[in-house]
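> As a plain string of letters, each chain reads:
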Amino acid sequence: MSAASETALGLKESRTPQARLLRLVVHALVLVVFAGPLLALLVSAFNHVSDPTQLSVVPSRPTLDNFAVAVDHGVLKYLLNSFFVVGFGLLLQVAVSTLASYALARKRFPFMTLVFVAILATLMLPEEILAIPLSLILSDLPVLHINLIGTLAGIIVPVGAWAFSILVMTEFMRDVPRELEEAARIDGAGELRIFAWIILPMCRPALGVIGVFGFTMIWDQYLLPMLVASDSSTYTLPLALRTLRIDPIVTPGVVMAASLLALLPSVIVFLFFQRSFVHGLSSGALKG
Amino acid sequence: MTAVEVDPAPVAGQERPSGRSGRSGRSGRWWVPWLFLAPALVLFLYFKFIPMGNALVMSFQNVQPFLGNQWVGQDNYVKVVTSDGFQQAAWHTVLLAVFQTAGSMLLGLVLALLMEGQSRRLTFIRSAAFLPVVVPMAVIAELWRIMYHPTGDGMLNSLLGLVGLGPSGFINDPHTSMASVIATGVWRGAPYDMMIFLAGLAGVNRDLYEAAIVDGASRWRRLLHVTLPGLRSVFSILFILAAIRGLRVFTEVYLLTNGGPNGSTEVVMTLITKLGLEQNRLGVASAGAVLLFLATLLLTVVVSVLRRREKE
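So the protein lines, in turn, are chains A and B. Residues 1 to 288, numbered by UniProt numbering, are exactly what the first sequence covers, in order. Residues 1 to 312, numbered by UniProt numbering, are exactly what the second sequence covers, in order.
Don't read these hints as lab results, they were simulated from the structure. Glycine residues also receive a C-beta, built at the ideal position from the N, C-alpha and C atoms. You may find that some hints are simply not true.
Unchecked claim - A partial selection of chain B residues facing chain A, derived with a Cβ cut-off under 8 Å:
#1 V32
#2 Q87
#3 P132
#4 G263
#5 L277
#6 L282
#7 S286
#8 V301
#9 V303
To be verified - Output of the computed footprint for chain B on chain A, the stretches with three or more beta carbons under 8 Å from beta carbons of chain B:
#10 58–65
#11 68–81
#12 98–107
#13 210–222
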C-alpha cells in the first residue's frame, strides 16, 4: 500500500524540504493557537503580574505568591468542595448507570422501549433549560420535603443520573456473552451477584469511558452549583473564579493560579485516560 | 478482554438443558429489572421530568410565592414572544449557535485533515490541541477575559498590533462582543469536532483512495468526492450536538459578558436567569425556557428525520 493512501489529504506524499517546512509551520501554529493560551495561564500563575492587562508567556521571577493569595481567599476550601462533589457525584453516577444498564441490556420486560426512550429524552433537558424549576425543586424536594439549597448534596444528587453514561454502558453490556451469566445462574448466583461479579468485571473498558466523561462533566458543572449555592460555603472552584476576579485587590495572576488548580484535575484525568476518552468520543458520537 | 473469548468454553461444554437456559433469560420476578432501574428513574423523575412538568405549568401561571399561583393562559408566552428583549436574545442565540457550530466544524475538519496520521509528533499535537475541550468552561472564560483586554497592551491586542491592526475592544465593544464570544466558543469546540472527524476519517474506505489515485484524481477532487461524502453521518451528528449546545449556551456568555455591553450578547439563557433568578418573574422565565426546549426538540427531530430519509 502506498503511503499516499493513508490519509485523506495524502500529506505524506511529499517529502520535499518545502513540504516539510510547511508541515512544521502548520503544526507549530496549531500548538500556539490551542495550547498557547493555556501555557500563558500556566506561566502567569507563577509570575509576578503587576500589570492587570497582561498575561505573561515568558517566565520572570517565578513565585508562589499568587497561590498564597488564592489560598487566603479560600481557594483550598473551594477545591475541597469540588473534589467532594466530583468524588461522591461520580460514585453515585457510575453506580446508578451500571445498575440501570444491567436491566436495560440483560433483561426483557414490559415498557422497556418506553423507559429507554424516556432516558434518551433527558439528553434534551439539560440544567440550563430546567434552571428555574430546578432551583425551586432543590429547595423543596417533592414528597420528601428536603431542602438541598446550600448543601453540596444539592450538586451531587442531581448529577447522579446521566443518560450518556447509561447509553454507553447499556451498549457495552449487551455484548457480554450469555453463557457466563447462565453458568453462574446454574450455580445459584442471585441477580446482584451476577451483576457485580460477572457482568461488571467484563465492562472495564466502558467503565473507563463513563468514569472519564463523568469526571469532566461533573467537574465542569457551573449552573447547577450556582443554583444550589446560597453563600460561598458551597462554591466549587469553577464557581469561585468569578468571585475572585470581581475582588478589586486580586490580581489576574491570582485568578490564573486558582484557574490552574481548577483545570489541573480534569487535564490530568484526560492525559491519564486519553484512550478511554477518545474511544468514548468516537464510539458514542458515531453510533448516535 | 481475552477473558470474554476464553471463559465461555467450559460452559458450552457442559450439558445445557434448553428449557433451563430459556427460563433464565427471563428468570426471576417481574420486578427485578425495575429494582435495578429504580435509582436512575427516581433521579430522572426528580431532576428532569418533574422540573420540566413544573416549567410547563408555571409557563401558564403568574407565579407568586406565598400568594398562590394564578392561571393566566398564554399571557406569559405572549409577553415573551412580543418583548424586544426576548426577540433580540433569541436572534443572538441563533447567531451564536449558527456561527459557533459552523466555525467549529469547519476548523475542526481542517484540523482533522491536516493532522490525520500515526506519527508521534501528530499524536502529541492532537492531544495538546484537545486540551481546551477538557478545561472547565469557567477557566476558559476567565482566561479569555484577560486575553481580550481592550487596551493596546492586552494579549490579543498586542498580537493584533504586530500586524498593524487594533486595538479592538473585543468583549467590551458592542460591535465586536458577539464575534468575540463566538471566537472563544470555536476555540473550544473545534478540537472536539476534530477528534470526531478523525474517528470518521478512519472509517472512510481506503480502497476508494487507491482507486481515486489510479484514476488520476487530484487531491482536491479526492477530498471532495471520496472523503467528504464518507463523513456525511459525522457532519449530521456534529451539527445536532453543536446546535443544541449552542442554543442553550450559558456559562461562557454569563462569565465573558453577562449579556453586555448594552445587551449586545444577551442570549436566551442569560435572559431567562435574569428574569427568573434575579427578578423572580418565574412564569415568564418558564415560558422562555419551554420555547427554548421546543426549539431544541424541533431541531433534533428535523435532523433525525432528514438522516433517516437519507439512509433509505
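> Work down the list of hints and note, for each, if the structure agrees.
How the hints compare with the structure:
no.: 1; hint: V32; verdict: 6 Å, holds
no.: 2; hint: Q87; verdict: 19 Å, violated
no.: 3; hint: P132; verdict: 6 Å, holds
no.: 4; hint: G263; verdict: 20 Å, violated
no.: 5; hint: L277; verdict: 7 Å, holds
no.: 6; hint: L282; verdict: 6 Å, holds
no.: 7; hint: S286; verdict: 6 Å, holds
no.: 8; hint: V301; verdict: 10 Å, violated
no.: 9; hint: V303; verdict: 11 Å, violated
no.: 10; hint: 58–65; verdict: violated (count 0)
no.: 11; hint: 68–81; verdict: violated (count 0)
no.: 12; hint: 98–107; verdict: holds (count 6)
no.: 13; hint: 210–222; verdict: holds (count 4)
Taken one by one, the earlier hints fail for this structure at numbers 2, 4, 8, 9, 10, 11, listed in ascending order.
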